[in-house]
Amino acid sequence: MTLRIGNASGFYGDRFDALREMLTGGELDVLTGDYLAELTMLILGRDRLKDPGAGYARTFLRQLEECLGLAQERGVRIVANAGGLNPAGLAARVRELADRLGIAVRVAHVEGDELSAAHPGSLAAHAYLGGFGIAECLRAGADVVVTGRVTDAALVTGPAAAHFGWGPTDFDRLAGAVVAGHVLECGTQATGGNYAFFTDGSPDLRRPGFPLAELHEDGTAVITKHPGTGGFVDVGTVTAQLLYETQGARYAGPDVTARLDTVRLTQDGPDRVRVSGVRGEAPPPTLKVGLNKLGGFRNEVVFVLTGLDIEAKAALVRAQMEPVLREVADVRWELARTDRADADTEETASALLRLVVRDPDQDAVGRALSGAAVELALASYPGFHVLAPPGKGAPYGVFEDTYVPRDAVDHVAVLHDGRRVSVAPAHDTLVLENPAEPEPPAPLPYGPTRRAPLGLVAGARSGDKGGSANVGVWARTDEAWRWLAHALTVDRFRELLPETADLKVTRHQLPNLRALNFVVEGILGAGVAAQHRFDPQAKALGEWLRSRHLDIPEALL
Numbered sequence: 017m018t019l020r021i022g023n024a025s026g027f028y029g030d031r032f033d034a035l036r037e038m039l040t041g042g043e044l045d046v047l048t049g050d051y052l053a054e055l056t057m058l059i060l061g062r063d064r065l066k067d068p069g070a071g072y073a074r075t076f077l078r079q080l081e082e083c084l085g086l087a088q089e090r091g092v093r094i095v096a097n098a099g100g101l102n103p104a105g106l107a108a109r110v111r112e113l114a115d116r117l118g119i120a121v122r123v124a125h126v127e128g129d130e131l132s133a134a135h136p137g138s139l140a141a142h143a144y145l146g147g148f149g150i151a152e153c154l155r156a157g158a159d160v161v162v163t164g165r166v167t168d169a170a171l172v173t174g175p176a177a178a179h180f181g182w183g184p185t186d187f188d189r190l191a192g193a194v195v196a197g198h199v200l201e202c203g204t205q206a207t208g209g210n211y212a213f214f215t216d217g218s219p220d221l222r223r224p225g226f227p228l229a230e231l232h233e234d235g236t237a238v239i240t241k242h243p244g245t246g247g248f249v250d251v252g253t254v255t256a257q258l259l260y261e262t263q264g265a266r267y268a269g270p271d272v273t274a275r276l277d278t279v280r281l282t283q284d285g286p287d288r289v290r291v292s293g294v295r296g297e298a299p300p301p302t303l304k305v306g307l308n309k310l311g312g313f314r315n316e317v318v319f320v321l322t323g324l325d326i327e328a329k330a331a332l333v334r335a336q337m338e339p340v341l342r343e344v345a346d347v348r349w350e351l352a353r354t355d356r357a358d359a360d361t362e363e364t365a366s367a368l369l370r371l372v373v374r375d376p377d378q379d380a381v382g383r384a385l386s387g388a389a390v391e392l393a394l395a396s397y398p399g400f401h402v403l404a405p406p407g408k409g410a411p412y413g414v415f416e417d418t419y420v421p422r423d424a425v426d427h428v429a430v431l432h433d434g435r436r437v438s439v440a441p442a443h444d445t446l447v448l449e450n451p452a453e454p455e456p457p458a459p460l461p462y463g464p465t466r467r468a469p470l471g472l473v474a475g476a477r478s479g480d481k482g483g484s485a486n487v488g489v490w491a492r493t494d495e496a497w498r499w500l501a502h503a504l505t506v507d508r509f510r511e512l513l514p515e516t517a518d519l520k521v522t523r524h525q526l527p528n529l530r531a532l533n534f535v536v537e538g539i540l541g542a543g544v545a546a547q548h549r550f551d552p553q554a555k556a557l558g559e560w561l562r563s564r565h566l567d568i569p570e571a572l573l
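At position 466 of the sequence shown the residue is numbered 482 (the numbering used here), and the sequence of numbers has no breaks.
Worth double-checking, as some hints may not be accurate.
Said to hold, decoys possible - Straight-line distance between alpha carbons at most 20 angstroms, and here's what the computed EDC-like set of lysine to aspartate or glutamate pairs gives:
1) Lys304 - Glu391
2) Lys408 - Asp379
3) Lys408 - Glu391
4) Lys520 - Glu495
5) Lys408 - Asp507
6) Lys309 - Asp507
7) Lys309 - Asp423
8) Lys520 - Asp507
These are computed hints drawn from the structure, not numbers from a lab.
With the sequences and hints as input, model every part of the structure.
As structure tokens, then:
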């Protein structure tokens with residue numbers, strides 16, 4: 017019997033109407049929503065500082081106010097991690113909402129991820145739980161399940177385990193659900209959103225539909241979307257999302273370690289991609305814990321440099337700002353040469369000089385900085401102005417992860433009738449190790465080459481994991497894969513992205529996907545909330561790589 021699980025949110029702030037669109041667009045059994053990310057946990061932690069009763073995604077409540085009755089009419093269960101730092105509080109608010117609307121729903125929640133007491137100094141410390149707490153809630157009859165920090169894929173493994181009766185050792189089946197969950201978790205990124213080959217005559221991408229998975233008892237699945245919705249689903253869109261924010265061939269989670277090197281994707285008709293062959297292994301003996309802390313205060317100012325003598329103008333303003341910056345803990349300057357010679361607009365004649373400062377003391381990056389910058393208005397380079405006046409300095413966060421033994425976490429399903437059911441930690445575990453790298457495919461025969469962008473023959477998708485980033489690169493044909501696997505080495509990757517030259521870069525091969533996955537450690541500093549670089553979440557790192565030129569066989573072009 018097929019279980020149809022849809023997604024209606026890929027992040028806190030995603031399309032508000034998606035819940036209604038998914039409920040009215042076609043058949044569903046379960047509708048999930050992923051609201052949490054490393055940065056979101058920091059935001060919710062700051063909310064909780066102001067109001068101890070807060071700490072959950074408020075958007076979810078407003079969506080339910082419009083759609084809770086519709087879900088009940090259609091028999092669709094809702095599972096969302098919108099509980100954030102306060103799943104019990106959100107569950108109570110959902111019950112109050114249902115009572116006010118006169119809708120009889122059974123609301124349950126999952127808790128136990130909160131570990132802040134064990135990590136003093138953290139604004140939020142939460143273990144990543146698996147899906148079996150969700151499964152307990154659904155087996156007991158819950159219509160709505162809200163959780164705190166579970167893995168994104170747990171929103172799918174939980175309902176699948178409940179529906180099919182899977183146990184903790186059904187590793188292959190659970191791994192198949194993990195892969196399906198990972199594809200669904202970012203919403204429209206699986207249906208053409210943020211897709212490398214969006215210009216290739218793709219269907220209308222102005223409003224991609226949200227994805228759904230048709231799961232089967234053996235763990236296989238078909239990724240698709242509701243009929244008539246925008247965007248498209250093909251092997252490329254699913255491959256791109258499968259590579260997003262992953263690392264090696266072993267994708268570890270609290271329920272199972274999924275072997276990404278066993279995944280097979282096949283087109284199963286228009287807007288249908290079959291996911292099969294996924295093998296699973298016992299999960300690691302520890303659980304990941306995400307720690308969010310306040311790192312200090314941050315400020316920035318962007319000076320606009322127009323016309324001639326750009327370098328000299330930059331040097332002058334840097335020298336003028338130097339006295340006030342001497343005592344600041346972290347100072348970063350970046351000159352973006354967006355200017356063009358003989359430009360026909362002032363904007364295209366201008367470069368941007370960006371100053372970013374961080375310090376534990378708000379005053380050091382607040383009034384002292386803003387005053388020094390503003391005082392230069394009539395005393396610096398010709399044409400002086402800034403994009404916006406600097407403010408008083410804003411707090412920023414830092415993220416780090418650690419690991420704890422599974423029995424250090426009290427994973428509890430709080431059922432709709434108030435009963436509390438402890439979810440036992442996995443008995444079978446396996447210490448995580450990288451598998452041996454597979455042999456690369458036979459290289460393409462030598463032939464003429466042409467200097468061209470990598471993106472003409474390869475797609476990419478990139479993202480953040482704490483202070484690191486991954487760049488997944490895939491080829492669309494076997495011939496392009498034979499070239500890519502040999503051409504894009506770690507050394508070549510570093511040459512193409514000089515920012516990574518002094519960082520640890522690890523390459524993983526995934527031949528079934530015709531893909532390489534590069535993990536760049538430390539490129540994001542203390543994580544996305546620290547806003548360490550121009551693209552703090554590394555979302556465009558893959559597109560930068562695709563824009564770089566190298567010698568490509570003409571046969572592929």
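The hints, checked one at a time:
1. Lys304 - Glu391: Measuring from Cα to Cα gives roughly 48 angstroms; hence the hint is violated.
2. Lys408 - Asp379: Given pair Lys408, Asp379 holds - Cα atoms ~8 angstroms apart, limit 20 angstroms.
3. Lys408 - Glu391: 15 angstroms, holds
4. Lys520 - Glu495: Judged against 20 angstroms, a Cα distance of about 29 angstroms means the pair is violated.
5. Lys408 - Asp507: It is violated: about 42 angstroms lies between the C-alpha atoms, which goes past 20 angstroms.
6. Lys309 - Asp507: Violated: Lys309 and Asp507 sit about 35 angstroms apart, past 20 angstroms.
7. Lys309 - Asp423: 24 angstroms, violated
8. Lys520 - Asp507: 11 angstroms, holds
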